[in-house]
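Number of protein chains: 4
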Amino acid sequence: MVRILTTGGTIDKVYFDAKSEYAVGEPQVTEILREADVTTPYTCTVLLRKDSLELDDEDRALIARTVAEMPEKHVLITHGTDTMVETAQALAGVEGKTIVLVGSLSPARFKNTDAIFNVGFAFGAVQALAPGVYIAMNGQIFDPQHVRKNRDANRFETA
Amino acid sequence: MVRILTTGGTIDKVYFDAKSEYAVGEPQVTEILREADVTTPYTCTVLLRKDSLELDDEDRALIARTVAEMPEKHVLITHGTDTMVETAQALAGVEGKTIVLVGSLSPARFKNTDAIFNVGFAFGAVQALAPGVYIAMNGQIFDPQHVRKNRDANRFETA
Amino acid sequence: MVRILTTGGTIDKVYFDAKSEYAVGEPQVTEILREADVTTPYTCTVLLRKDSLELDDEDRALIARTVAEMPEKHVLITHGTDTMVETAQALAGVEGKTIVLVGSLSPARFKNTDAIFNVGFAFGAVQALAPGVYIAMNGQIFDPQHVRKNRDANRFETA
Amino acid sequence: MVRILTTGGTIDKVYFDAKSEYAVGEPQVTEILREADVTTPYTCTVLLRKDSLELDDEDRALIARTVAEMPEKHVLITHGTDTMVETAQALAGVEGKTIVLVGSLSPARFKNTDAIFNVGFAFGAVQALAPGVYIAMNGQIFDPQHVRKNRDANRFETA
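Protein chains in written order, with my numbering: chain A, 2 to 160; chain B, 2 to 160; chain C, 2 to 160; chain D, 2 to 160.
Each hint can be trusted.
One copy or two, either will do: identical chains are not told apart, so a pair holds if it fits within one copy or between any two.
Only pairs whose alpha carbons sit at most 27 Å apart, straight line, appear in this in silico DSSO-like list of lysine-lysine: (1) Lys112 x Lys150; (2) Lys112 x Lys51; (3) Lys51 x Lys150; (4) Lys98 x Lys150; (5) Lys74 x Lys51; (6) Lys98 x Lys51.
It should be emphasised that the hints constitute simulated quantities derived from the structure, not laboratory data.
Pulled out of the complex, with its shape left as it was, chain A reads as follows:
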């Protein structure tokens, strides 16, 4: 059983025509798992719907508390990329669980998107990795203490 928490971010962004702005829409992760005909059981909880730049310490405490209290050992968190590293570090105190954070650099609703690959990648990693907190982006499994988002290159890299 994999437990999924969604917190918002680019992966779930929706385009609203009238105002030409993005807002965080329905979680795309379950749509992606359904289209891939995934048979591993999972439960998805919509915890927050924010740009990750808007997440504050209280939000991170909520995420950590929610993860700690869930019975599942394998936890996948979809999250905006801008502060994914901060949230991963805030989860360092959670013991005995494999926690993988994933997001995407372009929205899942786009024709060309990294969202489908990334969710697949994270879903494989979360089932296979030893307990700990990880960031799964660009086909790499990162240690939250040694990773940064390179905004110019628009990708994650070891730091």
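Could you slot chains B, C and D onto chain A? The hints should help.
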């Protein structure tokens, strides 16, 4: 470093208009990794281009020998789904490597396809799993001794 | 009111995994019109489901008779590309209607397909053209007496 | 020969990750024509790159002057949907040309978009219609004097 071997199968199927038949085309796995902007280093070798129903014992011996002789510890094999289990079992003798077989139930060139998710899933699994041989399909990591393709449901399941 | 007849062809091809062959599936034209939120009224009739290479004189007589008997003045026919020209010529005797034949060189279910553009193109042409029979392919409106499918280039051209 | 002018609008919208806002990117119309393997000759000019809400009288005068001075008789204009009707009305004075305005309600870069169908539809209409100014949206050819965008239903309708 992940080593990728392609052997054919639905994932790489191409449609030829004039004759209304499928043939195995260029490997799609590298295209999928490129579009997801994967930064983990990998090398891809096109070993075979066959429907997996056409693979024989000699082909399986070739795959096993090739995997055994490669220096990389993490090996991803794209393969047709109909005899993926047989090939995985034929790789049981290879020691000290994490070998993950993956394919797709609809071609990567289709609009609706499990190929992108599956490659992501297998790419995560192959980096995270302990040495051994695994089948990565339908978002599950299977032991080749306890899996079968359910043709009616068109998915893999524990057996 | 636009009347649509579907006769089969690549546009509606479906891939059946078990046997690695294509068969003609449900008409894609109505799916395409629905996704584009088309508001012009239309009625769709599934007349035949064949590769156009399999259409014979009897099939063409059926198509011509059906078109002649329909009350609508604007008729769109989806058709395989290999014998689209023959069918268009067989419709020459139908008077007082704008008849446009269209198909696609890759299936509508593919990620990269000309089907959506082509259906849009033909749907515009059939509403705007004077009575007559036309072939709408590759963004061109062709006279059936002066067009051929160039199989090597995989496109239609003036002949 | 079809002459294409691009003026911006949703069809060309691009998502910029860092700032979570849309901006008008490279014209998508030529990409769409290329992918459909269109063989009718055309020339594309990027005239403006604006949300149509930002277009003013000066912009409309520029569009009208540019269309009037071009040698081609068949002119396709891609345009934002919010003020497409106003621009079409501003073109009423141009004589002897078939002018078709088209746009899309979701960006061409989205997985689910009306942009490909709409460009196909307009490309067929512009070649087939008599001289005049037309709006081609939702699979309908509208007279600019009798059409409005229904924002709630997110589609064009006769008015």
